[in-house]
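Engineer: Each chain, written out:
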Amino acid sequence: MKAKEPFFWVNISCGIMIMAFIVLPLMEMLTAPSFSMIKETIRDKDVLRSIWLSIYTAGLAAIIAFVFGTPLAYVLARTQFAGKRLIESIVDLPIVIPHPVVGIAILSVAGKNHWIGQILSDLGIRIMGSVTGIVIVLTFVGLPFYINAVKNGFENISPRLENVSRSLGASMFSTFFRITFPLARRSMLIGIIMCSARAISEFGAVVVVAYHPMIAPVMIYERFEAYGLRYSQPVAVWLVTVCLVLFLVLRILTLRTGKSS
Amino acid sequence: MIETDRLHIHLGDFRLRDINVSVEENEFFVLMGPTGAGKTVLLEAIAGLINVQNGSIRIGGRDVTAFPPEKRGVGIVYQDYSLFPHMTVRENITFGLRYHRIKKAVARERLHRLVADLNLDPLLNRLPTNLSGGENQRVALARALMIEPLVLLLDEPLSALDPRFREEIRGSLKTLHKNTQTTFLMVTHDFAEALSLAERAAVMNDGCIEQTGSVEDIFRKPVSTFVADFVGMKNFFTVTFAGKQARINGLEIDIAEPPPDGCTYLAIRPEDIVLSTERLHSSMRNSFPGTISALIDQGLYYEVWVESAGNLFKATITKRSLIELGLREGMNIHFSFKATALHFF
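For the record, the sequence lines run as chains A and B. Take 1 as the starting number for the first sequence in the numbering used here and just add one per residue. Take 1001 as the starting number for the second sequence in the numbering used here and just add one per residue.
So here's chain B without its partners, still in its complex pose (with noise of 0.2 Å):
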């Protein structure tokens, strides 16, 4: 459904370079990555909202890299909302349809469909000034669906609202995707988001895709340090490998089975690595002792950074567990993990 090849643009001191992205029909398409990579702009890009300095976007089938964006069939939905301030909610939503040959009892249908969609019936009259976030976010989506575009553009949709909306936004969004022919492409920053409502995604860094595949092969399967460290697999270390025995910076790993040729790292989750103040007598073969060189506070859990042989290794721990072991800087610890759990890349 979209596809762009070799695609490069310039923007001021920013460049995309090499853009190849390919989302099928009807797929929910995430477009990951830290601030400043560049998603903004790809999504823009294919919006028409930017110019490309070379390669090409097409939009289903068509070559649109010339096409204004009135042409492209693209919706798009931003993170302010971007409502029409002077126009009710009846007004946005009904906005596109005069640019389109739609018949006056589809449209009407349709605006019946994505009012109960969205529950906006008591908000029809009202201005956007005086709605909440999460009712803003669903009246932009309905006014963006209202022309049932080819593609939907989602520019970080639940960053600028409360945890509560979130969830709701996140939850119309699922609905809007399976009852819509529309192909949601969304950018974000937070990979939990994509985990939750992708197929497929793209990881960005820095002008560049890193990695492109399913959301479950991106989680598993990261094809660089940045990668994994963007979906949260905090431990990598480069490896040698000796048959079912890896070896990092002084400490020797028993894997289940060899890893594919080529591997030059070995990574795991933090969450995956348990933490006790003896040594464990548990299947988990992998067990070693180290030192706690930091505990660091993330709200909801604890992170400690544990140190063997020169290697930090990171774990993460509940609250209660750091109370019920009594960790503390400085202390002697046991750390284990299950040879399942190591990721090769």
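Same shape as in the complex, but just chain A (with noise of 0.2 Å):
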């Protein structure tokens, strides 16, 4: 066999080194509470609350994305207008800012000092310190993801297929429902999760607009500040591993839509 190239080396290194960087940790995360702790942790109402008030609002930010992001994705992957690109940018902006600028830029529009905080408080909507709250920011950071990943998905699919089905008779809501919608809904779930995965890892924002009801990686920043880190291991063990197994039953949905079609 040839020998191979330094160049092969470098690139292999690297890959093993970047590999150690991302598994080591969180190997080393997952295994150091003991069974008995990881019990323990699991029966505590606290720890139980906060997961799946976590795993239901990233859900729930999902969801409002779907409904609300998918037209927009239909917009930015089928037309072309002018401001195209201004738009894209704003769709990116979330990504780019800083997590508790988020969370304040989100209270400024909800306080009472505005008319939007007005009009909500009026209407009896409270943002600071709900779950109301927590929605809207994990919303906010985790719509470019489901949009970027539908516009993906919907550029990938051919006008013509679409065009044919008009001439067929179909009118453009028929089309989008029998041919779109389910030649992206591979995409769909893809962006449903990057948009849940980036939402259910939301802190910085979250503990700005509601440090109370307690999403799990707020308690676990508690239990890290009050108990020190073997106190807070337990609970980041049963979010990591819950949002794991949740994302592989969704990414096995997928993969079995995405062989039958």
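Hints are computed from structural coordinates only; laboratory data are not their basis. Please read all numbers here as calculations on a predicted model, not as lab measurements. Each residue gets a CB set at the ideal place from its N, CA and C atoms; glycine is no exception. Treat the hints with caution; some may be incorrect.
[What the hints assert, rightly or not] Ranges of calculated distance between the beta carbons of each label pair, as one might list FRET restraints: (1) A:P159 to B:V1223: 50 to 58 Å; (2) B:G1012 to A:V75: 14 to 22 Å; (3) A:R251 to B:R1098: 49 to 57 Å; (4) A:R78 to B:T1238: 46 to 54 Å; (5) A:P159 to B:F1067: 14 to 22 Å; (6) B:G1133 to A:P98: 51 to 59 Å; (7) B:G1061 to A:V75: 32 to 40 Å.
Hints given; two lone chains; assemble the complex.
Structural biologist: So, in structure tokens, the structure goes:
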């Protein structure tokens, strides 16, 4: 066999370093707490509640992104117009803004000094320290991931399929639901996974808007601050495990639908 | 059946200008032209998929310029088939049924006929990804014809196919056109396809229609050098006439009869030129000496470029004749053609 060039070995060693960099800390964290401690943690009502809160707020954020983001993703994928670049940059903004700034920005709109905040408080909707607030923040940070994934999905579907469908008598709505939507289903599921994964990991923005009710990342941070590493690790283990299982299930579902279509 | 009236379309940098096309009911009409001439744009405008800036489109007597695609009664078949990948062949073919008031029995009978005509029976429950190019195109045809559109638009339906399938689909197109009431409008860049399928045709170039007429007329009497070149009339020269003589740049050519008034070009098809090493003593009165300036291998035949008195003539010849005549570049040769092989425009 031909001797490998130095270039090859540089690539390989960098790859190994990165793998170790990602996997080692995670492994260490997952294996550090004892089994009894993990068991004891899950019996803790507060832990259960915060993990459940994390999952369902992230899920809600993904559903909101799905409902409102899909039409925008379709427009961005199918049409050319002046200012499209600007719209795309705005969609990407939540990715680049520092997380606590996101929280502060949302509070400044939802505060009593702003007319939107006034309307919300008249309606009895509270953002600060509420589940609503958490969902809003998570939607804010998760949206770009959903929209970009689905936009790519739409772009990969030939517009000619839609043209043919319309020539066969289907309206644009009918065409979307019979042709475009089923063909983009896979990218939508990927978008939902990306969006909720991003949402579930959010800490900085949430902690500004709602320290309580406590989502899992905030609880992990609180236990770390108050009791140290040993007490925050088991909660982290549970959060990571639940997330991985959920994403794995979704992933398997997407692969299966991908094969059948 | 289809009439466009002074149609203008701007699409990015591309424009179609002053398009007037008229297609008769149940006709097989072909829109020809090189890539980038605007054929597909015109086709999609007729289907309602592209906005029209000016002018109007009438289909079946109705002005449909402002109609959405689903209200025009126009079917479309693309070069890349565009079958719905998530549906079986049967689901593809019957896709449009629910949008039209077609009685169940009629629909069933039509499906049977199309499936039989296009030999689709063994494929009905399969997905498009598992089909060959020819099979895909047959499904696309069945899907479009299932709702019996007034007009079937075909966008280069033969171009993506292997030669074997191309023959097969060409045959299918002929049968389907004969068996249905639908008007066919096909776009192609291949003049040979037009010759074998169409009754009438239009030639497009750079966003304009150059010539409309029967395929035979376009083939025999091109109105411009562009059309002449497109239909394979590779030799054309500016000409002056004097009785039964035509003069091109130092050559005097006998013509059978005086040409119509206003002709400024003389054209001759490369396959009508006969090459010989000696001057021919035959009924062909036009025989000139020349020098071979190039031999171009075209696969099945050779194109021979002959220079004579500053004019370049292109003749085609089989490989076998090339070898028998011992042709090579720079060789002196005679070329002859009949007076009846000449075209004027």
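Engineer: Against each hint, give a clear statement of whether it holds in the structure.
Structural biologist: We went through each hint and held it up to the structure:
no., hint, in the structure
1, A:P159 to B:V1223: 50 to 58 Å, "violated, 36 Å"
2, B:G1012 to A:V75: 14 to 22 Å, "holds, 19 Å"
3, A:R251 to B:R1098: 49 to 57 Å, "violated, 35 Å"
4, A:R78 to B:T1238: 46 to 54 Å, "holds, 50 Å"
5, A:P159 to B:F1067: 14 to 22 Å, "holds, 19 Å"
6, B:G1133 to A:P98: 51 to 59 Å, "holds, 54 Å"
7, B:G1061 to A:V75: 32 to 40 Å, "holds, 36 Å"
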